[in-house]
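Chemist: Residues per chain, in single letters:
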Amino acid sequence: MSSPAVAVPSRSKPAASKAKANLSGAPVRRLLAPAVIFMFVWMIVPLVMTLYYAFRRYNLMMPDVTGFAGITNFKLMFIDPTFWDSLINTLVLVGASLVITVSVGLGLAILFNRTFVGRGVARTLAIAPFFVMPVVTGLIWKNMLFHPVYGLLAWVFRHLGLNPIDWLAQYPMLSIIIMVSWEWIPFALLILLTGLQSLPEDQIEAVRLDGANRWQEFRHIVVPHLGQVLYVVVMLESIFFLTSFAEIYTTTSGGPGTATTNLPYYIYQSAFFQYDIGISSAAAIGAVILANIFSIFLIRFVAGNLNAGSRR
Amino acid sequence: MAIVELKDVVKNYGGKGSDAADNAVDRFNLTTRDGEFIVLVGPSGCGKTTTMRMIAGLENISGGTISIDGRDVSQVAPKDRDIAMVFQSYALYPHMSVFENMAFALRLKKLPDAEITARVQEAAKVLDIAHLLERKPRALSGGQRQRVALGRAIVRQPQVFLMDEPLSNLDAKLRVDMRAEIVKLHRKLAVTTFYVTHDQVEAMTMGQRIVVMLNGKIQQIDTPQRLYEWPANIFVAGFIGTPSMNFLRGKVGADKRSVANEHFNLTLTGARGDALAAHAGTEAVVGIRPEHLSYLAPNDPITENVLSGVVEVVEPLGSVTMIQVQVGPYRVTAQIESHLTVAMGEPIRLRCQTDKLQVFDATSEQSLLQAPAAS
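Residue numbers (the numbering used here), protein chains in the order written: chain A, 1 to 312; chain B, 1 to 375.
Please note: incorrect hints may appear among the correct ones.
[Unchecked claim] Stretches of chain A that chain B covers, calculated by requiring three or more beta carbons in the stretch to come under 8 Å of a beta carbon on chain B: (1) 103-110; (2) 126-132.
[As the list claims (entries may be wrong)] Cβ-Cβ distance ranges computed for the label pairs, FRET-style: (3) Pro164(A) <-> Ser74(B): 31 to 41 Å; (4) Arg33(B) <-> Glu201(A): 49 to 59 Å; (5) Ala172(B) <-> Phe130(A): 22 to 32 Å; (6) Ser62(B) <-> Ala128(A): 36 to 46 Å; (7) Ala130(B) <-> Glu201(A): 50 to 60 Å; (8) Thr117(B) <-> Leu51(A): 49 to 59 Å.
For the record, the hints were derived by calculation from the structure and aren't laboratory data. For glycine and all other residues, C-beta sits at the position ideal for the given N, C-alpha and C.
All chains, please: the whole structure from these sequences, using the hints.
Modeler: As structure tokens, this is what we get:
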């Protein structure tokens, strides 16, 4: 910090000139500091600690076994079949939920982009699931919808003369996918709807005059226009789906067997059932890497798609 | 190339208790000649754009018929009307290159690639955008986008062109250039064209015939020159020409050739005067264009057809000077030669060119003069 070049004798001025000096110093850094510190404490520190634990012998059941573990934790993780199951389950969950939320969300967005009586109410209702907490979602679906005796679906099935399905036992992964999709369709709907609404009317008119039918209009104008928006939806959703936990915890607890154990649940189990912080941390590092691989692929895919679309 | 015929076309946006008085476009009748350049002009909300959108099929018609070359297209989808439109906002496809923008309609028609390329190249050459074909619309200037929008229309070789205020987003100089270019293009292609504008200068310079509209109703359909010389009513007279016509209210005199009140006495000469014969004593509005008023030296002995007043505003434009003169209760604009020096607050006398005067009925606002038959 530089002191004022000119000495000012008066009493009231030093404070003012000091404030001035502060401002002309590095206000940018100072103003950014709270945000940077916050980010550091909440993101970098836990990440580094996870990384640290991943290379330590750290099992709560064996408090006296400590020290550097090398890659032992990773070795143990890689020979654990549950880890591979959880990896595949994670990919299945993310992939299926993405396909469902984006396609259903797009369909609903196109519907809600039209004008009809009661659109406002219908839209609010369609968006409502997004405001339900994941834990609540899990409990509602488990006890009120999927339940083979008291569930709404069971009731419907019985009325249709069919045998009720014990969803969580018979189709555990499908049930989880349904719940996650139910929660996230509104998100896709909202973002895609704003995307559709930002499409200039005259472009649609221009393409109609150019001789396009409805499908060509959708394919050549609407989809390219939604490109960026779709990218945002897919990016955000895949990151959130990768970390799905509450729906699984409250319904299947990763079961039956490992049928619905995804990576976050595997990490949780390692830490709080097996009390092995080391392996748990190693799996967490694996999850971070997986998330990064996902984003890289997505960015490549989307960027390539956009370029190709413009060349064609 | 086609003859477009609009017969009793009506547009009513409906709503509760709407009737004919709410028509956005009311009984629009027009038959174009083959390859004619028609300009629809009028103030905002006069229905000109609605009319064009109905021709395009973007807007349903509430009544009447639209036909192209005798084929009724009133219920035909826009894509099957063989019409190309240039939008005010250009409406280029942002994710496609200039080439693709222009080729898009042809691709939908499944033309062979070689022909598409040939047509696009040809159009690009005509519009001088051949060097831009690989660019995206966002990398183009306003004028270039405008050309691409035109190019997209002409590659299709449609039967009819529609242009919806295509120049309104350009700066003044570019607008003048593009105006000339669109006219040139039309000469070359000779495609029937409808052009919507609210700018009467654009209308006058471009149109072969001009449709002047107000409140959904056609006021007059005529060539630019005849609109200027024989406006059908006060609205058209005031709308065409800058600065606009001066209107003075008086009474047709007993001599059946003059219009007068206590502030002026103007006698019409020639055929214009004859037309007033049947209207002696009628309350009338006389219209004088600023360019038909000339400065009269104070010592000039002429006293007939003279307006005297006090100079209120002087606006030198270089080539000419516009002055506003208070004549009794009327503010009269006159265009005088720029070498004349007049000062604000001075008395002045203006002489009217009496063979150019307009006379309108004060109540119906319709012209009392008989326009000679169109040649």
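Chemist: Each hint needs a verdict: does it hold in this structure or not?
Modeler: A quick look at each hint next to the structure:
no. : hint                                : in the structure
1   : 103-110                             : violated (count 0)
2   : 126-132                             : violated (count 0)
3   : Pro164(A) <-> Ser74(B): 31 to 41 Å  : 57 Å, violated
4   : Arg33(B) <-> Glu201(A): 49 to 59 Å  : 32 Å, violated
5   : Ala172(B) <-> Phe130(A): 22 to 32 Å : 50 Å, violated
6   : Ser62(B) <-> Ala128(A): 36 to 46 Å  : 40 Å, holds
7   : Ala130(B) <-> Glu201(A): 50 to 60 Å : 31 Å, violated
8   : Thr117(B) <-> Leu51(A): 49 to 59 Å  : 57 Å, holds
Hint violations for this structure: numbers 1, 2, 3, 4, 5, 7, all remaining hints satisfied.
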